[in-house]
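Spelled out from the first residue to the last, the chains are:
Protein chains: 4
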Amino acid sequence: MTAAPDAPNTATLTITCPDRQGIVAATSQCLHRHGANIIHSDQHSTDPEGGTFFMRMEFHLEGLPGAWADFERAFAETVAGPFDMHWTLSAATRPKRMAVLVSRYDHCFLDLLWRVRRGDLNVEIPLVISNHEDLRRDAEMFGIPYHVIPVTKANKAEAEAEQIRLMHEASVDFAVLARYMQILSGDFLHALARPVINIHHSFLPAFVGANPYRAAFDRGVKLIGATSHYVTEELDAGPIIAQDVIPVTHRETPESLMRLGRDVERQVLARAVKAHAEDRVLVHGNKTVVF
Amino acid sequence: MTAAPDAPNTATLTITCPDRQGIVAATSQCLHRHGANIIHSDQHSTDPEGGTFFMRMEFHLEGLPGAWADFERAFAETVAGPFDMHWTLSAATRPKRMAVLVSRYDHCFLDLLWRVRRGDLNVEIPLVISNHEDLRRDAEMFGIPYHVIPVTKANKAEAEAEQIRLMHEASVDFAVLARYMQILSGDFLHALARPVINIHHSFLPAFVGANPYRAAFDRGVKLIGATSHYVTEELDAGPIIAQDVIPVTHRETPESLMRLGRDVERQVLARAVKAHAEDRVLVHGNKTVVF
Amino acid sequence: MTAAPDAPNTATLTITCPDRQGIVAATSQCLHRHGANIIHSDQHSTDPEGGTFFMRMEFHLEGLPGAWADFERAFAETVAGPFDMHWTLSAATRPKRMAVLVSRYDHCFLDLLWRVRRGDLNVEIPLVISNHEDLRRDAEMFGIPYHVIPVTKANKAEAEAEQIRLMHEASVDFAVLARYMQILSGDFLHALARPVINIHHSFLPAFVGANPYRAAFDRGVKLIGATSHYVTEELDAGPIIAQDVIPVTHRETPESLMRLGRDVERQVLARAVKAHAEDRVLVHGNKTVVF
Amino acid sequence: MTAAPDAPNTATLTITCPDRQGIVAATSQCLHRHGANIIHSDQHSTDPEGGTFFMRMEFHLEGLPGAWADFERAFAETVAGPFDMHWTLSAATRPKRMAVLVSRYDHCFLDLLWRVRRGDLNVEIPLVISNHEDLRRDAEMFGIPYHVIPVTKANKAEAEAEQIRLMHEASVDFAVLARYMQILSGDFLHALARPVINIHHSFLPAFVGANPYRAAFDRGVKLIGATSHYVTEELDAGPIIAQDVIPVTHRETPESLMRLGRDVERQVLARAVKAHAEDRVLVHGNKTVVF
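Protein sequence lines correspond, in order, to chains F, V, A and S.
Note that the numbering used here gives residue 49 to position 49 of the first sequence, counting from 1, and the numbers run on in steps of one.
Note that the numbering used here gives residue 21 to position 21 of the second sequence, counting from 1, and the numbers run on in steps of one.
Note that the numbering used here gives residue 136 to position 136 of the third sequence, counting from 1, and the numbers run on in steps of one.
Note that the numbering used here gives residue 160 to position 160 of the fourth sequence, counting from 1, and the numbers run on in steps of one.
FYI, nobody ran anything at the bench for these hints, they're computed from the structure.
Because identical chains share one entry, a pair is satisfied inside a single copy or across any pair of copies.
Computed cross-link-like contacts, SDA-like style, restricted to lysine to any residue with a CA-CA straight-line distance of at most 20 Å:
1. 274 to 259
2. 156 to 187
3. 96 to 166
4. 274 to 107
5. 287 to 219
6. 153 to 132
7. 274 to 258
8. 287 to 87
9. 287 to 253
10. 287 to 215
11. 287 to 250
12. 287 to 247
13. 287 to 194
14. 156 to 188
15. 287 to 214
16. 96 to 68
17. 274 to 257
18. 153 to 209
The following block holds chain F by itself, in its conformation from the complex (with noise of 0.2 Å):
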């Protein structure tokens, strides 16, 4: 999964598009003329009766770097455009460049930066960006610019600027909100106009908004959960990536169960992230299919 051997000759395609007949045969045929050989495929119908199809291979293409252009050419015009296709070709030499937010908690963090320096992630990570200084020390151990901008009620609109600025700067692919303890708006969200990747400490659609701990403590649940999810206008309703949950019993506070919470919070968050660095999320609606 993280960079091979082989990886200058490795790539990925993704793929959606309407469902009908042929999609594999046309898809795998052009990568079998341009003598490549596919190593993973998975592929998914919401309903083969008019439904939309999903697809994602990964493949080898000895001497790939040299026939790119021209296969990409290939599969644009006698595959892509016939089947009226969305979709994205990725080099398995080319990490995804991933912004980080954080406020103040560290676990989720922390998490990242060490799954990065040990190759778990194929990922870089150019930048970090607060709004608060607690975190600066951890990201300079692991050599990473931190970034501080201050969020005010009076201020907001020109921080997301100063961060818009600074995330396009660094030509980031995607941000991830690691316990960013701020709403981003819409226009933000537009203006970024790359994905954003939120975890949520609690099992989704139960306990939206603030202090889910303290809410799952007051209903006596018997799990608690995390939720990752694409950020969406709406407050915690965006495309689900991944989740999981532990058990908790009655001995537990507000305070212990945050403190249970951080290690399903990173381990779901990890998993997210791997998730979209490998391209395997591909977003339908409000749903995710996740490869």
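Use these hints to put chains V, A and S onto chain F, whose structure you have.
Chains V, A and S only, in chain F's frame:
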């Protein structure tokens, strides 16, 4: 947990009272004075300063049947009274009597019948009540009387009255709704005056009400679950006893979620019934302590 | 997964062959030429360079019953032959025929019968074979013939011959040992010449052989599990299809582990049988690919 | 669980003794006479008839620091002596001192350092010992002294002697092997005379010894796990404190199993260390009671 060789000399004591010093000392001394040996003991305080104290003790007392009345009186006078306790004392040889209410789904129902037959649940089922004929043969295979009481908008009050009459006549200790597809009225709950356990096919508080699998499908969650709780007047809002979930993917349909969910539903309901039957569940406001 | 309205026009193709370029292209083209639409597709390579390639495709082909022989021949000649494939083609409307062998434990057995009755498992059970009378009534309640063949050291060879005769006569496709407490001989497996699925009550390879719950208790493990695998001549060493575990504590006894384990055993066996019945399990040496 | 406002007046008592009537009564009375309020209490009997009794009580006693010596003496004389108890008494304000031994893998190590920094584990780390330089920078970032003691066949005895000298000098209460890749000798364990906790990267007793992920891959298991246990002279055979597993499929390689396993290893080790640090683990022969 089920009837051991020593069952005639074994009992379970549960206690709920305002927290203060000396409760454990007084209780364990009273047991010790009567020659009892504590086999299991669990306790919980919501807050050692002025909160509520909960305890469950399983003990062994040689010659318990003869000593029962004496111990009961002594405990009431010297311990329960002074500490203002709400308490119960249950003999291990006296299984609780459980009414089962069903409609058409057989999975939770059959699972309970099998577990009772195997001796996994320390309960007796004197009767099954349904609003449909469908499961009569299954009930009768296990030798359990099956009463059909159709429920319509028009006859709801009478139907509930008849249900209560049957359950009181059968001296049931509690009732279980094993996917019984009717909402019980507040009047019913008051008149029955015994705990009622329900299984809801979602991880509450997400997806309250009808069609939770459809709602889960529409939201695109990556986990589906089940919740067993005591029934209160507010729909799906009573104290939760047990919950569990299983992972699902984009490949599922509302129908396949329903099929997968059946396994979780029956496990969660069985766990809740077992805990209740063994006096492990103490209710506190809208929450439970499950020892 | 179970018989859909389109079942008559639906089939599943599985492939195992040496990996090389063009397999997916050739297969999907052949399907496309016959007017088939691929509904699900999964593939796996042990190693894209010179390894083994596995694929499972579920497809829909209007008028499949009439086109079957033609498609089968074309696929054999133009695809399977050239690529040196081991392959199977199964009609969705032809449930596999499953023999069930049992001894005295009822939990796995009843769970399978119930799932078949509900339509969750796409199998038929033409017969049950046991070395004890105990479960006759349960089998007969579900309308399934129950054959008792006592097995002793002295008559083992004859008993096995009789079991095989019954299973061949009933045209079974595979057999399931639902806690059948006899070890099958290598001769039996060769003579039966059909897959046999077993459920072992531990997470193999831990606790091979008899009394795994006792061994788990003695070792003080904090998880107990179950493993479903294909039976081979070496005891508990065949290819694993499914495994699961549940957490346990110091409070359990060998008896309570056995009780808790029953729930895992029946879930794991059901999962393995379902995967086998849907042609999702491809065996490779002593391991499985489970799509 | 971690230092609460009342920590100075809070302590934990653990008891192991032959089971007989009156233990709870005597203990709780002694606490009550000294004005203590029991906050948490757990107990376990291996067998109420002639087995071993285990108890852990957390209590609050106003003015505990001044009353400590008096209570300790009274308990020893009037309770522990007569009941032949092995017992411990720990102040909540006195975190245990933990040595960490590492080699080159950073995941378990960093996870422990982060959890200690966050206050999740009630321990202090006075030193880290390694046979390699690799993790020096990580240790020093957290301000913890890092000692490198290379170990070879030739110098093993001296190296162990130096390790023990450092740990005794630092007054450690226990040691943790956070993927320390050397086997400790029986002499080492005797000379250290303190508990040593290890993390093994399999669900013991499966895959004892080296390369468990490779062995898991070769066996084709569908779950991989980790086990934390006390170290004894027999390799990977000591009393198990915590275990967990995660599901895996045929798609994994030995390398990806190793990557996936890291998350389980660090969670399981953290759980074991937390339980040990809070006096929740009582050893009994080759097994543990974990309250």
